[in-house]
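**Q** Model the placement of chain B on the given structure of chain A, informed by the hints.
Protein chains: 2
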Amino acid sequence: MPTIAAGPEIERLIQLLALLPGLGPRSARRAALFLIKKRELLMAPLASALQAAMEKIEICRVCGNIDTQNPCAVCTDARREPSMIVVVADVADLWALERARALNARYHVLGGTLSPLDGVGPDDLTIDALVKRAHDPAVKEIILALNATVDGQSTAHYITDLLHDAEVKVTRLAHGVPVGGELDYLDEGTLAAAIRSRTPF
Amino acid sequence: MPTIAAGPEIERLIQLLALLPGLGPRSARRAALFLIKKRELLMAPLASALQAAMEKIEICRVCGNIDTQNPCAVCTDARREPSMIVVVADVADLWALERARALNARYHVLGGTLSPLDGVGPDDLTIDALVKRAHDPAVKEIILALNATVDGQSTAHYITDLLHDAEVKVTRLAHGVPVGGELDYLDEGTLAAAIRSRTPF
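Chain order of the listed sequences is A and B. Per our numbering, the very first residue in the first sequence carries number 1; after that it's consecutive. Per our numbering, the very first residue in the second sequence carries number 1001; after that it's consecutive.
Isolated chain A, as found in the complex:
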């Protein structure tokens, strides 16, 4: 990034902001200026929010979620169905499912998907811990909520194979037309899956 006419502290702030996903060098400069202009309203709160997050955030020892309590709020929530575990690749997926409010289950965050090309093998994920949790007699169903990509689906197959001797039903998310989606814009694979899994109207 070219040097700007400002002190090293500002340069450093811009460089760090530019590392965030969604921000490049140009938008990092805009964000830095915005922060400097809103020093009391935004910069100070953000600095202390980062500090607080640094100090308090932990990774849940049960499911791999991030939270400021350990085990996390989901795992300790007595109102959650203890018989279902929803397997997700990433905390972002857990958040997405929670926003959908579609289920009231517990989660298991794998920490990624199997990806031989990127050197991600079973030992890099929390698959062992999942198999252990699946053998808990209270658990009846494992819902594989993994991306519908090659890596996501091969991870799903791998986990299903490992769970064959556990007393659980293994399910996966339905494929089909996204709600609000137009058929015209959908790929053939999704359309074929939607036809195969058609439901009575």
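Note that these hints are calculated values from the structure, not bench results. You can trust all of the hints, since none of them are fake.
Derived CB-CB ranges, DEER-like:
1. A44/A / V1062/B: 25 to 31 Å
2. N1147/B / G22/A: 23 to 29 Å
3. D1118/B / Q69/A: 44 to 50 Å
4. Q69/A / K1037/B: 17 to 23 Å
We put the beta carbon where it would ideally sit given N, CA and C, even for glycine.
**A** Chain B in isolation, oriented as in the chain A frame:
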């Protein structure tokens, strides 16, 4: 923003990140997760960079630039031409001109442009200070580097009128075809300006 299954510290971090220009709720969540995953590599440095910036950044009392010294590094740079002052609306414009390395002058940051619709009048900008600086006998030229918008150009006219009794030449940036630009995509106003200001080849 819907509640996510994480502690209040994480929620607060996401809410603050979502206020940055270029980040919405979704990219703020991604940025927060990224920060949490890179706790030592990015989150801690960003927290301390914000803290350092908070403590050190000042607004230059001469030109309105932001820097960690006051007067700023540009104003105190003895190698800069003291006879030229480049008037910009915002620190972002100053940075853009510095990146272009097109001049070796000092600046004057107005803090915005006149905008009756947004309630921005002359007293909201540093126009008085600019007029004072323009009366310094060392200053020979005022370059108005303002946006080629209605507000930018009316600000330029307003400043030019105020400077009529100062012993300075008032100039503005040239209009024309952007370097690398294609004529086909240019608006008529720019094309007409480029024709009017054509130069010998």
